[in-house]
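S.K.: Going down the list, the sequences are from chains L and Z. The numbers in the working numbering rise by one with no breaks, and the one at position 82 of the first sequence is 82. The numbers in the working numbering rise by one with no breaks, and the one at position 59 of the second sequence is 59.
No false leads were mixed into what you were given.
When the alpha-carbon atoms are kept at most 30 Å apart in a straight line, the in silico BS3-like pairs for lysine-lysine are as follows:
1. K124(Z) x K71(L)
2. K124(Z) x K53(Z)
3. K53(Z) x K62(L)
Just so you know, the hints here were simulated from the structure itself, not pulled from any lab data.
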Amino acid sequence: MPRITFPAAVVLCLLTACGPYKIPKEALQWSEESPARRRAESRRFETSDEARLIAASAAALKDLGFTIDQKSVELGLIAGSKRGSAYNVGEMAAAAAVAIVTHVVGLPGSMAVSKDQSLRASIVTRPDENAGGSAVRVRFQRVVWDDEGRVSKSELVEDPEAYRDFFARLAKTAGLEAHEL
Amino acid sequence: MSFNLARVLGGLCLAALFGGCDTAARDMPALPPSQSSLAAIRNRVFATDDREKVLRRAIAALENLGFVVDRADAALSSVSGAKSDQYLLRITVTVMPRGTAQVMVRAIIRYDATPVLDEPPYEKFFAVLGRVLALEALPLD
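Isolated chain L, as found in the complex (with noise of 0.2 Å):
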C-alpha cells in the first residue's frame, strides 16, 4: 500500500467521525403534560382585567427576589429570572474525597461541583372561557451551572410550596381570592 493512503485514511476517518451535528432522540419526542400538573401551576381570579394581574405578578416576582426580564400585557406574559449560589455542602464534601483518592492513585481528574444556578419565572394570564375571571399559569425552572461553567442540571421546579407561596403572594398583591382550577 503507497505511503499516502495512510495519512488520507486518517482524515478520511476523522471527517466521518465529525459528521452531522446529533440531536438526542428524546429532545424531540413531544408529549403533552397532565390535567394535574396544569392544575397545580395555575389559579383563577375574578377579574377580567389581565394588565392588573400582570402589575400584581410583577409586584410578587420582586417580592421574591427576582428581576423582571420580560412584559406583553397585550399577550399576557410576564418573564423574570434571580441567580444565586448553588454550592452544596454534601457535594463538595464528595468532590474533595474525590480529589484525595484519584490523587493517591495517581489518576487524573476531578469532580465537577456546582457553583451558580438560576430560578426562572414564566407567568401567563388568559381569558377563562369556562368559569369566567382570568387563569393564571406559573412556571418555574431552575438551572445549575458547574464550576467549570457547564450546565449540569436544568428541570421545572415541582415543588407544590413554591406555586402555593407565589399565588398566596399573589392574590395578596392583586386583593383578590386564588381560586385553583
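Got chain L; can you put chain Z on it based on the hints?
M.R.: Below, chain Z alone, put in the same frame as chain L:
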C-alpha cells in the same frame, strides 16, 4: 519506523470511528431537500385574521408541550419558549397575516444553535395549536 507510523495511524482511525459512534443519538439530516419543503414543514395556515388570539393560543400550546414561555412581543407578532432537560430546545413562533381572512404561523425550533429540520416536532406543535384554536392547521399552498 514506517510500520510504527502505520500502527499509530491505524489506531487513530479506530479511535476516530469509535468516537463518532453514539447509539443514543441519531443523525440530523445534513440539509433539507429544498427551501420549499422546509417551508412546508415549518409553516401552517389558519382560517382566522385574529393574530393576537393565535399568539395567545400558541403560548398555551407551548405550555401544554412543556415549554417555558419567556418571550412575547405583540408588535413583532412573535412568542418564544425553551424546553430543557439535559438539553436546550428553543422554539420561536411568528404569526403573519395572509390575505384578509387567514394567518400564516411559522415555527422555528433550535437545538442549542442548530436548526431542527425533522418534521415530527413541528407536526406535534401544529396539531396542539390547531386543537387549542379549534381550527384546522392547513398546509401552505
